[in-house]
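These are the residues of each chain, in order.
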Amino acid sequence: MKTNPGRFFEDYRLGEVIAHAVPRTLSGGERALYHALYPARHAVYSSDPFAQSCGLREAPMDDLLAFHTVFGKTVPDISLNAVANLGYAEGRWLQPVFAGDTLRAESTVIGLKENSSGTSGVVWVRTRGFNQDDEPVLEYVRWVMVRKGRPDAPAPAAVVPQLAPVVVPEALVMPRRLDFTRYDFALAGERHRWGDYAVGERIDHVDGVTVEEAEHMLATRLWQNTAKVHFDATAREDGRRLIYGGHVISLARALSFNGLANAQMVVALNAGAHANPCYAGDTVRAWSEVLERAETSAPGVGALRLRLVATRGAAFELRGADGKYLPEVLLDLDYWALIPL
Amino acid sequence: MKTNPGRFFEDYRLGEVIAHAVPRTLSGGERALYHALYPARHAVYSSDPFAQSCGLREAPMDDLLAFHTVFGKTVPDISLNAVANLGYAEGRWLQPVFAGDTLRAESTVIGLKENSSGTSGVVWVRTRGFNQDDEPVLEYVRWVMVRKGRPDAPAPAAVVPQLAPVVVPEALVMPRRLDFTRYDFALAGERHRWGDYAVGERIDHVDGVTVEEAEHMLATRLWQNTAKVHFDATAREDGRRLIYGGHVISLARALSFNGLANAQMVVALNAGAHANPCYAGDTVRAWSEVLERAETSAPGVGALRLRLVATRGAAFELRGADGKYLPEVLLDLDYWALIPL
Amino acid sequence: MKTNPGRFFEDYRLGEVIAHAVPRTLSGGERALYHALYPARHAVYSSDPFAQSCGLREAPMDDLLAFHTVFGKTVPDISLNAVANLGYAEGRWLQPVFAGDTLRAESTVIGLKENSSGTSGVVWVRTRGFNQDDEPVLEYVRWVMVRKGRPDAPAPAAVVPQLAPVVVPEALVMPRRLDFTRYDFALAGERHRWGDYAVGERIDHVDGVTVEEAEHMLATRLWQNTAKVHFDATAREDGRRLIYGGHVISLARALSFNGLANAQMVVALNAGAHANPCYAGDTVRAWSEVLERAETSAPGVGALRLRLVATRGAAFELRGADGKYLPEVLLDLDYWALIPL
Numbered sequence: 001m002k003t004n005p006g007r008f009f010e011d012y013r014l015g016e017v018i019a020h021a022v023p024r025t026l027s028g029g030e031r032a033l034y035h036a037l038y039p040a041r042h043a044v045y046s047s048d049p050f051a052q053s054c055g056l057r058e059a060p061m062d063d064l065l066a067f068h069t070v071f072g073k074t075v076p077d078i079s080l081n082a083v084a085n086l087g088y089a090e091g092r093w094l095q096p097v098f099a100g101d102t103l104r105a106e107s108t109v110i111g112l113k114e115n116s117s118g119t120s121g122v123v124w125v126r127t128r129g130f131n132q133d134d135e136p137v138l139e140y141v142r143w144v145m146v147r148k149g150r151p152d153a154p155a156p157a158a159v160v161p162q163l164a165p166v167v168v169p170e171a172l173v174m175p176r177r178l179d180f181t182r183y184d185f186a187l188a189g190e191r192h193r194w195g196d197y198a199v200g201e202r203i204d205h206v207d208g209v210t211v212e213e214a215e216h217m218l219a220t221r222l223w224q225n226t227a228k229v230h231f232d233a234t235a236r237e238d239g240r241r242l243i244y245g246g247h248v249i250s251l252a253r254a255l256s257f258n259g260l261a262n263a264q265m266v267v268a269l270n271a272g273a274h275a276n277p278c279y280a281g282d283t284v285r286a287w288s289e290v291l292e293r294a295e296t297s298a299p300g301v302g303a304l305r306l307r308l309v310a311t312r313g314a315a316f317e318l319r320g321a322d323g324k325y326l327p328e329v330l331l332d333l334d335y336w337a338l339i340p341l
Numbered sequence: 001m002k003t004n005p006g007r008f009f010e011d012y013r014l015g016e017v018i019a020h021a022v023p024r025t026l027s028g029g030e031r032a033l034y035h036a037l038y039p040a041r042h043a044v045y046s047s048d049p050f051a052q053s054c055g056l057r058e059a060p061m062d063d064l065l066a067f068h069t070v071f072g073k074t075v076p077d078i079s080l081n082a083v084a085n086l087g088y089a090e091g092r093w094l095q096p097v098f099a100g101d102t103l104r105a106e107s108t109v110i111g112l113k114e115n116s117s118g119t120s121g122v123v124w125v126r127t128r129g130f131n132q133d134d135e136p137v138l139e140y141v142r143w144v145m146v147r148k149g150r151p152d153a154p155a156p157a158a159v160v161p162q163l164a165p166v167v168v169p170e171a172l173v174m175p176r177r178l179d180f181t182r183y184d185f186a187l188a189g190e191r192h193r194w195g196d197y198a199v200g201e202r203i204d205h206v207d208g209v210t211v212e213e214a215e216h217m218l219a220t221r222l223w224q225n226t227a228k229v230h231f232d233a234t235a236r237e238d239g240r241r242l243i244y245g246g247h248v249i250s251l252a253r254a255l256s257f258n259g260l261a262n263a264q265m266v267v268a269l270n271a272g273a274h275a276n277p278c279y280a281g282d283t284v285r286a287w288s289e290v291l292e293r294a295e296t297s298a299p300g301v302g303a304l305r306l307r308l309v310a311t312r313g314a315a316f317e318l319r320g321a322d323g324k325y326l327p328e329v330l331l332d333l334d335y336w337a338l339i340p341l
Numbered sequence: 001m002k003t004n005p006g007r008f009f010e011d012y013r014l015g016e017v018i019a020h021a022v023p024r025t026l027s028g029g030e031r032a033l034y035h036a037l038y039p040a041r042h043a044v045y046s047s048d049p050f051a052q053s054c055g056l057r058e059a060p061m062d063d064l065l066a067f068h069t070v071f072g073k074t075v076p077d078i079s080l081n082a083v084a085n086l087g088y089a090e091g092r093w094l095q096p097v098f099a100g101d102t103l104r105a106e107s108t109v110i111g112l113k114e115n116s117s118g119t120s121g122v123v124w125v126r127t128r129g130f131n132q133d134d135e136p137v138l139e140y141v142r143w144v145m146v147r148k149g150r151p152d153a154p155a156p157a158a159v160v161p162q163l164a165p166v167v168v169p170e171a172l173v174m175p176r177r178l179d180f181t182r183y184d185f186a187l188a189g190e191r192h193r194w195g196d197y198a199v200g201e202r203i204d205h206v207d208g209v210t211v212e213e214a215e216h217m218l219a220t221r222l223w224q225n226t227a228k229v230h231f232d233a234t235a236r237e238d239g240r241r242l243i244y245g246g247h248v249i250s251l252a253r254a255l256s257f258n259g260l261a262n263a264q265m266v267v268a269l270n271a272g273a274h275a276n277p278c279y280a281g282d283t284v285r286a287w288s289e290v291l292e293r294a295e296t297s298a299p300g301v302g303a304l305r306l307r308l309v310a311t312r313g314a315a316f317e318l319r320g321a322d323g324k325y326l327p328e329v330l331l332d333l334d335y336w337a338l339i340p341l
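Protein chains in written order, with full-length UniProt numbering: chain A, 1 to 341; chain B, 1 to 341; chain C, 1 to 341.
Heads up, a few of these hints could be off.
[As the list claims (entries may be wrong)] Lysine to any residue pairs mimicking SDA-like chemistry, simulated, CA-CA at most 25 Å apart:
(1) A:Lys2 / C:Thr181
(2) B:Lys148 / A:Lys2
(3) B:Lys2 / A:Val206
(4) A:Lys228 / C:Glu328
(5) B:Lys324 / B:Arg202
Hints listed in this document are in silico derivations from the structure and should not be mistaken for laboratory results.
The whole structure should be built from the sequences, with the hints applied where relevant.
The structure is reproduced here in structure tokens:
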């Protein structure tokens, strides 16, 4: 058979390194589409002179654009037969991606555990994205539940990796030459700086976006993500196309500009859950909670650890009395962002 | 509160200069999206060699792309709480915008008048767009009706600015080195030149475009316009998303290629009314009327003052017996374009 | 009348050369949109370093992107009053198109035959696309049925051109310096090479894409194709917008990555039929059949002649007992692609 049926649980080996196909050169075209697809307004990614005033060579690609590009490459090898995307950990952005850069991706299998049902198992991979100079640009761990292809395939020895519950501030990698000491708050859109955010503070980002089928498919294709549930209305029994979870991440992060305009760069992904599926017609809203504050080694640069929640309901909803995510909650993301002191 | 609630009528002061946030670097990506979003075919904006044969460095960004980019920046400060966008005047394009340019915007409050109801008022601003060298690229006046935040806020002294009913031909700014003496009419798509258009002549642009939600939202986001009525289906009582008026301007202008292919560059916006709201599902058509002709200082370049009307009905409809715009009329725009002699 | 009513059958003269309007400069923006509109993953078009490892200067524009751009230019002169697009032949890509290139098009009328009804006729044109250096980049013959404008216009002498049923392998033009001897199959996404494909072999490309109105209109506008049936829901009696046939070609070709990932470059179009109209809501699938294999003069480069069929039904459907295309079949295309030996 010439076509790729995707890997099944029994096809993964612990320690195996999977080189993902189809490297991708990014340009101003991808950047413009990112602005058309998401209400993204963070100034570092919007303006070359603003980025230069922060010590960067020019405006980089949005950190999530780099993430989606790397993630998309992994789909044919990791999640084509996935039943569920279970979590993220230890995500770090290692250097900015600029127009003209070419990204490729590679994943190492770091954990395997068959489910008690014997019909599926959990696969943990650490994925790294590299640029054309083979420098790493980002890395993250994700784990997915994958169907078995042959029910009688023997279960591998269970190995569950020890993952850091959060990237510690000391492990955050500062973009080279990043310097917020001459940061222009008026041009950036808000006056709130690192010291203005208190741990425990919650911010309702107010705005909402009603999502269309054409939009999420344009986005997901742009990242060369091939999972058929996003594109083929006949793929699922209910006839609905599932929106790529990363589309919801980017929508929520872009909405968070309103209240966190200066939380410019995403440098770590501590954890993330796609709490409920998102469909076209949903109106996505977002709220944030400040989880932690840290200093960094870059001049004028502080770090905020933020919970970013996307919901199709009201702000500050999260879990019900049973401790489970409420059905209105779409995303619960834990990340570090860089913000001027 | 960390989020931007927008300004209310009482928050504006006469003479105040508002620097709008989030500068934007434009590239070939924005140009390509403009061609995907609108049936734009004017050769100066489509082809570098054609633009060079007209004396320009390369194909500039469509003048309306520059306008939307500048306009989008003003929304969070000017029209977030606007009840209505009342008019435009004294708009002039001052130099072309090229790929790689970074635009920012600033507005001066030039008029204030509280409505007799005491619940809202009209704010007049003169907005200027600048490039990365702080050179002005365009300017225009617009006035909007803005809600009051506190009903008891005292009314300011009423100041209504004197605005020119039309930009006089002598005030039109010619793009540097523009020269239509070697203009290639075959490549441009039509043979009609300045002398072929008579004052009073009306042109039915024939074609129609049925608008989709995904399209107007992609466009409006691309200009970083944050007004929630365009994106959030729950923001208005009727559950319909209002299409950004500038989207209708660009649709109508692009449709006007068919009959006005040589009216290449937009250099002034004399007046404009968004006569009725436009919604997804509407099929937008356009017609033009020649209002005035003028010579210019640039070699081979004439100017046409044109009325551009967008409608979801038949051509040449405008006003009913009561003098009001017919419900099918979406836009009534008065502008100057440059065309070969 | 200032607007273009399109040409009617009696307006064409045998041997006439029609220079099409509105040259177009392409950039990374068009490339990014191509990736957003189609699930395109062929590595030569996705990655500059990959293309360079194959001897090319950088990643070219997808061959179909170049085709659509040239095709779009011809629409106002050739197919505005077309009743049907009847066929393609003798299509050849003559050199790659890169970001920054400007394309223009010109067509020669090579055949004319009035239909027996006397109300329409068939027009054959050979279209050539040129870059900014006046070098040809592609050429093809297509024939369309065009309405007569005046029923009493005299019938021209019938001339039906002799067209090659297939571009012979010797006539395929290799991109300059193309070399697949250092081809990286892992990065390209599949291990199958020229020798792995047998004549008569059929491949089900498995995936499907449900098409939205916004998507096909964005695509068709991007190619500056002005045929109103694609954009105006009121143009046809059934109120449905017809999807541009080239959109289906690009969808099917992109889907064929899964099973033909190494059939990188399209170098000839032997024949093509748009078997049935495609509408928004259709879920497009694709299958291929290997028709012929040939060697080429370029190092490490073989050629496969492929039938590419798009369908909204099951794989391997084509014709009914009556020899006619089944109603589920959308496209039957016969082309040559280059693949590593």
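Outcome of the hint check:
A distance of roughly 22 Å separates the Cα atoms of Lys2 of chain A and Thr181 of chain C; the hinted pair therefore holds under the 25 Å criterion. For a cut-off of 25 Å, the pair hint linking Lys148 of chain B to Lys2 of chain A is broken: about 66 Å separates their Cα positions. Between the alpha carbons of Lys2 of chain B and Val206 of chain A the distance comes to roughly 11 Å, so the proposed pair stays at or under 25 Å and holds. Annotation: proposed proximity of Lys228 of chain A to Glu328 of chain C holds, straight-line Cα distance about 20 Å (limit 25 Å).
Between Lys324 of chain B and Arg202 of chain B the alpha-carbon distance is near 20 Å, which keeps this suggested pair within the 25 Å criterion.
In the structure shown, a violation is registered for the earlier hint numbered 2 alone.
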